[in-house]
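Trainee: Residue numbers (our numbering), protein chains in the order written: chain L, 4 to 269; chain B, 112 to 378; chain P, 258 to 593.
One or more of the hints may lead you astray.
[Said to hold, decoys possible] Once the Cα atoms are required to be at most 30 angstroms apart in a straight line, the calculated DSS-like pairs of lysine-lysine come out as: (1) P:355 - P:480; (2) L:265 - P:299; (3) L:265 - L:13; (4) L:116 - P:352; (5) L:265 - P:352.
Hints were generated in silico from the structure; no laboratory data involved.
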Amino acid sequence: MLRYVELYFKLVGAGIRAQLQYRFAFVMRIVGMITAYSGTAITMWVMLYQFQELGSWNFYEMLFLFAIAILSWGFCIILFFHFRSLDTYILNGTFDRFLVRPINPFFHFMAMKFDVAAFGQFIFSIFIFIWVSIELGIDWSFGKFLFLLASIVGGVLIQGGLLVIISALAFWTTKSEQFYWVVMYPARNLTNYPLVIYPKFVQWFTAFVIPFGFVNYFPAAVILGKETPFFPENIGYLAPIVGIVFFVIAYYIWMLGLSRYKSTGS
Amino acid sequence: MFNYRVYWTFTKKSFLRSSVYRFDVWSRLGSNIIFLLMWGSIWTALYAGREEAGGVGFEAMLTYIVVSQFLTGVNGAGTPLWEIQEKVRTGDIALELMRPFDIPLRYLFADIGSVAFYIVTALLPLYTVLFIFMDLALPTDWLTWLYFVVASIIGFMIRYCIEMSFGLLTFFLVETGGIEDIFYFAMSLLSGSVIPLWFFPDWLATIALYLPFQGIYYIPNAIFIGEIAGAEILVSIGIQLFWVAVTYMTLRLIWNRASRKVVVQGG
Amino acid sequence: MVPIIEVEHLMKDFKIAKRETGFAGAIRSLVKREFITKEAVKDISFTIEEGEMVGYIGPNGAGKSTTIKMLTGILVPSGGSVRVNGIIPYENRQKNAKNIGVVFGQRTQLWWDLPTIESFELLKEIYQVSNERYEENMATFTDILGLDEFLDTPVRQLSLGQRMRADIAASLLHDPPILFLDEPTIGLDVVAKEKMRTFIKEINKERNITVILTTHDMEDIEKLCKRMVLIDHGQKVYDGEISVVKDRFGKIRTLVVDLEESDCILQLSGGKVFKEEGNRYWIHFNRDEVSASELIAQITSTHNIKDLTVEEPEIESIISRIYQEGFQDLPNPVKV
Chain L
4 MLRYVELYFK LVGAGIRAQL QYRFAFVMRI VGMITAYSGT AITMWVMLYQ FQELGSWNFY
64 EMLFLFAIAI LSWGFCIILF FHFRSLDTYI LNGTFDRFLV RPINPFFHFM AMKFDVAAFG
124 QFIFSIFIFI WVSIELGIDW SFGKFLFLLA SIVGGVLIQG GLLVIISALA FWTTKSEQFY
184 WVVMYPARNL TNYPLVIYPK FVQWFTAFVI PFGFVNYFPA AVILGKETPF FPENIGYLAP
244 IVGIVFFVIA YYIWMLGLSR YKSTGS
Chain B
112 MFNYRVYWTF TKKSFLRSSV YRFDVWSRLG SNIIFLLMWG SIWTALYAGR EEAGGVGFEA
172 MLTYIVVSQF LTGVNGAGTP LWEIQEKVRT GDIALELMRP FDIPLRYLFA DIGSVAFYIV
232 TALLPLYTVL FIFMDLALPT DWLTWLYFVV ASIIGFMIRY CIEMSFGLLT FFLVETGGIE
292 DIFYFAMSLL SGSVIPLWFF PDWLATIALY LPFQGIYYIP NAIFIGEIAG AEILVSIGIQ
352 LFWVAVTYMT LRLIWNRASR KVVVQGG
Chain P
258 MVPIIEVEHL MKDFKIAKRE TGFAGAIRSL VKREFITKEA VKDISFTIEE GEMVGYIGPN
318 GAGKSTTIKM LTGILVPSGG SVRVNGIIPY ENRQKNAKNI GVVFGQRTQL WWDLPTIESF
378 ELLKEIYQVS NERYEENMAT FTDILGLDEF LDTPVRQLSL GQRMRADIAA SLLHDPPILF
438 LDEPTIGLDV VAKEKMRTFI KEINKERNIT VILTTHDMED IEKLCKRMVL IDHGQKVYDG
498 EISVVKDRFG KIRTLVVDLE ESDCILQLSG GKVFKEEGNR YWIHFNRDEV SASELIAQIT
558 STHNIKDLTV EEPEIESIIS RIYQEGFQDL PNPVKV
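Isolated chain L (complex conformation):
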């Protein structure tokens, strides 16, 4: 176990150095991400300029909701984003290289890339957290802060878990990247806004099937003291557990896919 931690940092360090070879591209990506997220934030502001509230959420509350999603997505990009292109690795045969080495292939594949451009997400979301905390006068007790961290971890595990499941689809269907764009990209956009505004079946789906509601909506409702109609009060406290469970399921699906890959080789 300790060996794996050490190895992870070594592999990841290599990944970072590899990326820093393209410094200009690196900076441009960070700038690009911050621009894109600011764009969404500005859109929210314009939207609420006349209307003040969206499903009883005001502009700052929505920003807070958005920032939680972005922060956990940032970690997710770092750790798991490359999982979506497993299909390419399988098709051009480079995936086999992870199978001729004496370490866990899931771990090896995970440690292969480390996308530091996610700094854009961190800068953006931390700025928003500070701004919103001042505007809304959020009283950050130690417990609250700890809960925020725990639900960020939960959010990383949920979104990472979905990326892992999407990548595992490649073992069966030889497609994964496209599933990302059909399933996950729209789902992520959906959760930028409070779930309460959507039809019930969408809310239900994002709470119990693909638990994206636990990435930001439920935890943000707990921290901001908002109501979550149709759902038990404080359901957000479950976020870290949901994350762990979902990720474990995802991991086993991936391993199942791998054993299928080993018996079919396709």
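With chain L held as given, fit chains B and P onto it using these hints.
Mentor: Chains B and P only, in chain L's frame:
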């Protein structure tokens, strides 16, 4: 000499090619529906049961969003930015320069083919059903329909010219990520694709009115729901035509520079 | 001698899903699919002794890489048994991985964007190579393969020859007793090929590493291996010394003559002109039926010969003839 036959071939070819990538068509349609659901829900929640806001009725607003999402589908089916970047990256653009056709036009005509395929097979069936089953405010006279179609087509051309110009920046910059994001942001907000200009703060609305993006979504959408009506329609289409001319000339200017760069430096 | 690789009645079936196209097809294929069974490896048995260097060859799709994948633990066989250095690879993949080195000629296993040395350092960690052993190996490989000229260059900037040298060094870093080489000389120029072969020979001899080589380049086989295992359609069709095949199928020689005049019609008994270019003629003959000197005599009786050579058959042409003519005539597989 403008040779229609050559360009028409590109249109036909890309129409047929699109049918091979059916997964692509379905996945686009899938995410189009999800985004429609998202914006429909957002506007329903914003109106929060009110009959009207800012002088625009709820039904009209919902129609605005549905039409806008339809046009997003149309505009999203063409991919000049992505394609031209790929060609520049792989160096294939140099090969294309040896061929006896104009490259910006060639991509436009190819785009029309794939867009047509997508409209016929996916967008029209879906949106016809939506218009039948949802309470939407349809234009009652055929002239409005006509104006809408004309404005949409001009909007498509404006978007094409702008997107292609951004795509051509690949010739001058190694990494275009950041600039692209600015472009996509402007496309989604300042074009009025998700929020109509009348809900903008005044200063922002003024900025948007002086930019070409409003011609892509806002003008056709607003014509459709009757927010732009009467003589205003012709003025708006005039503004669109002005922007087509300007963006087209910009595109040509950038293209001339870009192609000279390929000729001189070999890509 | 101890067998280090034992393969018995190895089989591998693939269920190939009938390709369904489109989104609906992809979704449908999640639920229900139609399969065609393809037997990639039907019934292959062989053993390889420690320190042997064996050419494992066959046409594309014969089952070569499927076999290699089962030996490396990437694939689980559908029947039969495999043992590599006493380990069943698919049951104990990670342990097996420490015993083998693998080089895929077409794909590098090095970190593309990093200076070459970093890949070595990472592999040292992955395979848990001790510091002393790492230093020793690096010193040896640097010496023989001239790694030092490009250790600080990112892998993506290496020439193909350099990259292959780095790749093969990387595969040997953890002192595996067995080395799998898949097309190790593909795309290399003559000099680089020669260097690569010398190195392979050397490590085989000095470290007693068992080498299994798959390649399309028959010169590799000829120069490196004594024994070859030839497979086709998932079955072993020959296993034995290369020289036996060469004798059996190498009876057809080529006589190349330059005559003084061109456009001649040569009527020869026992020989056949199969190619001509200007005044140069290529003639096939079977050395059991007619000797080269008899043929030359026939030609000189009517024409003046300026120059001539007799070409030995290349194993390459022999193999392609075996494929063309079928395997019925092959000598019984002999164990070496």
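Trainee: Does each hint hold? Answer for all of them.
Mentor: Here's how the hints hold up against the structure:
no.: 1; hint: P:355 - P:480; result: holds (28 angstroms)
no.: 2; hint: L:265 - P:299; result: holds (18 angstroms)
no.: 3; hint: L:265 - L:13; result: holds (28 angstroms)
no.: 4; hint: L:116 - P:352; result: holds (25 angstroms)
no.: 5; hint: L:265 - P:352; result: holds (17 angstroms)
No hint from the list above goes unmet by this structure.
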